[in-house]
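2 protein chains.
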Amino acid sequence: MTQKLLITGASQLITMAGHSEKPAVKDAMSDLQILENGALYMEDGRIVEVGSTEELQGKYDVSSEEHIDATGKVVAPGLIDPHTHLVHAGTRENEYAMRLKGRTYMDIMEAGGGIHATTRATQEASHEELYEQSIKRLNKFLLHGVTTVEAKSGYGLTLEHELKQLEVAQKLGNDHPIDLVSTFMGAHAIPMHEKETPEVFVDRVINEMIPEVAKRNLATFNDVFCERGVFTPDQSRRILEAGKEHGLIPKIHADEIEPYAGAELAASVGAISADHLLRASEQGIKDMAEAGVVGVLLPGTAFFLMAEFAQARKMIDAGVAVALSTDANPGSSPTISLPFIMNLGCLNMGMTPEEVLTATTINAAHAIGCAEEAGSLEKGKKADVTIFDIPNYLFLSYQYGMNHVDTVIKAGMPRVVGGQLV
Amino acid sequence: MTQKLLITGASQLITMAGHSEKPAVKDAMSDLQILENGALYMEDGRIVEVGSTEELQGKYDVSSEEHIDATGKVVAPGLIDPHTHLVHAGTRENEYAMRLKGRTYMDIMEAGGGIHATTRATQEASHEELYEQSIKRLNKFLLHGVTTVEAKSGYGLTLEHELKQLEVAQKLGNDHPIDLVSTFMGAHAIPMHEKETPEVFVDRVINEMIPEVAKRNLATFNDVFCERGVFTPDQSRRILEAGKEHGLIPKIHADEIEPYAGAELAASVGAISADHLLRASEQGIKDMAEAGVVGVLLPGTAFFLMAEFAQARKMIDAGVAVALSTDANPGSSPTISLPFIMNLGCLNMGMTPEEVLTATTINAAHAIGCAEEAGSLEKGKKADVTIFDIPNYLFLSYQYGMNHVDTVIKAGMPRVVGGQLV
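First to last, the sequence lines map onto chains A and B.
Heads up: the first sequence begins at 1 in my numbering, then just goes up one per residue.
Heads up: the second sequence begins at 423 in my numbering, then just goes up one per residue.
Next comes chain A alone, as it looks inside the complex (with noise of 0.2 Å):
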């Protein structure tokens, strides 16, 4: 039996036509080529038809379960978080507390805490740990409107965990609605007794677990913390070369905490994003820009890290397609809402509310390709849906600090319906 679904009524239809090939940038980045009193007709997962209420009304058959009256509602493509670090165990609530208290952060390092404190309890954890702590964020990301996202490994520094970590990302995007995107991260730390010879770790990531990763096919993307005292540039080139070898796309996280040509390594090894970028330099941002290289910004981490944001103004004004994302992490970046990254990314980095929707929708999906299939609602493309009770995409961040998802469809089935999971 066909599975239809109509959406009418919606006071803006938000499409993000014309950008599937190829992420908007500058001015584009304001183009949401927006419906008003819009429709939208999916069948069988997939968008058949986006027109008016009015040319759509009536056209197709469908009973009234098939269909959604989003009169006064505002209906965008499901959004797209392109960098989280999904898979973990445990929190650090503690290490929050501590901070705000004025303790450093290497005092909370030398308390046991820090990355490695997630990396051991991610090692301990079972499969089905970490599957039951994974899903239970997942259910937030989609009340959340978002329906496709990014996850790293990263959390289990050795082959075995770091195949656990892939293994449960890939077992969550079979079973959850959202879509899973995954990224092996094997570079995320130097395993605390393999300070002293990094060296020897770059191997282990380069010689036993990239061939692995890709061997079992557990990761479309090669991800690598690129800053002083994690991974050098020349090491961070030879990962992700490594990973080119075996079919494993470039990522890396750059210029977090200070300027180290994190960007213009992305540029130059052909990676299809650079994150982070706090402090990326001039010529990183005229780097990626020339190379196409879509910047992934966190402003969720600055803020809980209370540090300062990256300069998405002028990232924009350079050409560089900039995408959002929440960072969902346990340490840095703890919240699952990317409606509220797109708040910071008005009210803290200088970026328009039409700007803030490219950033989640086609931009996110060109951040992880996967911008033929999702981030805007054409014909042909998975039937991903996101509606929000505003009345204008403008409240998104007006009524800020707020989550108005009402409903969110996902391959062309309701999964959230009057801000519920159903």
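No wet-lab data here; the hints were simulated from the structure.
Take the hints with a grain of salt, since some may be wrong.
Said to hold, decoys possible - The list that follows gives simulated cross-link-like pairs (lysine-lysine, BS3-like), each with its CA atoms no further than 27 Å apart: (1) A:K26 - A:K4; (2) A:K26 - B:K523; (3) A:K244 - A:K215; (4) A:K314 - A:K22; (5) B:K801 - A:K286; (6) A:K140 - A:K4; (7) B:K444 - B:K801; (8) A:K101 - B:K448; (9) B:K523 - A:K314; (10) B:K523 - A:K22; (11) B:K593 - A:K136; (12) B:K736 - A:K101; (13) B:K558 - A:K140; (14) A:K379 - A:K26; (15) A:K101 - B:K708; (16) A:K4 - A:K59; (17) B:K562 - A:K140; (18) B:K444 - A:K101; (19) B:K593 - B:K617; (20) B:K708 - B:K666.
Using the hints, position chain B against chain A.
Just chain B now, with coordinates in the frame of chain A:
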């Protein structure tokens, strides 16, 4: 029939006990009085007993409908928002978009925006229209865990329309589960056509509006916007003293844009609270601490206007009892999420997770004179309770930008269950 309700199993039951007579200051703001595995029994809208689950389970004869299992959750006093402009007509999202695109406040005023836009809309709205728009906002407050809201007039600016706002607030307080506390704020702005003769307007507030509002028992408090270009300290003092003669307790919008001796005035006039305080002077802070004036801080307004934040840390260290509020209004702070304001308190004002809870419960109650009845979970108080679906209270701002409210009980009755109005 007795209306009963028993809550058991709270991983943390935050009572906030011991501060009903005087607000919590300094270290006392960090003393949440937490019971682990806590329980709470209510009858006919009042708290009967607070204790451990072991003690209370079995002691009270309740049916399954009268029992809430809060295992794994945090139980807290219903949140209190001590500063809102709840009753108003219209929205101003277009001004927000203009600001994000670099337009100045003056551009916006010239385009017919600013407070006068809301004044026009509110003057033109009928009682019914104001009521309908405002009750939707009250429902959202409830969904965000708030059980008591202060509501100011001040968009009427004529006797007729100020009375209309206050009458709508009164009706909302009668009809809606949330308790409303009303503040007359005729001195919110000088009407456009009286810009050149402010004294005429001040006299009208003093001689016409205040007596009539007091006679009709439509407000508990009398507030004034003491700021350069609005009301001078001298005018503000006369307005607040006139209110006192009619039994209205002074409040003051103080030192929001520049130091203007508003905090000092609050102390000398015996205000119950001074609000905003972004630019309060050292002397003003000292005076407030000595006089016991609650400092109501509104970090959402600073966040939304991209301004500097109030110096919460300095005020707390100086002994000012700090409360937090949304400042909910259509121009400078359109949010309705007090939980998000807590996030800003921590991440943008240096408050601790404990202090922000005190600031939105018992200290907020003191800011609006209802601490004998609300703001803590203690025997005899109103049974106003918010249950958060988080393992401990640190998650309130650790998992930032999200609404963790699961259940809201107002006067012993569940009004929100599973994050939905019932």
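Hints versus structure:
| no. | hint | verdict |
| --- | --- | --- |
| 1 | A:K26 - A:K4 | 37 Å, violated |
| 2 | A:K26 - B:K523 | 14 Å, holds |
| 3 | A:K244 - A:K215 | 13 Å, holds |
| 4 | A:K314 - A:K22 | 20 Å, holds |
| 5 | B:K801 - A:K286 | 65 Å, violated |
| 6 | A:K140 - A:K4 | 26 Å, holds |
| 7 | B:K444 - B:K801 | 17 Å, holds |
| 8 | A:K101 - B:K448 | 14 Å, holds |
| 9 | B:K523 - A:K314 | 14 Å, holds |
| 10 | B:K523 - A:K22 | 25 Å, holds |
| 11 | B:K593 - A:K136 | 41 Å, violated |
| 12 | B:K736 - A:K101 | 14 Å, holds |
| 13 | B:K558 - A:K140 | 24 Å, holds |
| 14 | A:K379 - A:K26 | 25 Å, holds |
| 15 | A:K101 - B:K708 | 23 Å, holds |
| 16 | A:K4 - A:K59 | 13 Å, holds |
| 17 | B:K562 - A:K140 | 19 Å, holds |
| 18 | B:K444 - A:K101 | 25 Å, holds |
| 19 | B:K593 - B:K617 | 33 Å, violated |
| 20 | B:K708 - B:K666 | 23 Å, holds |
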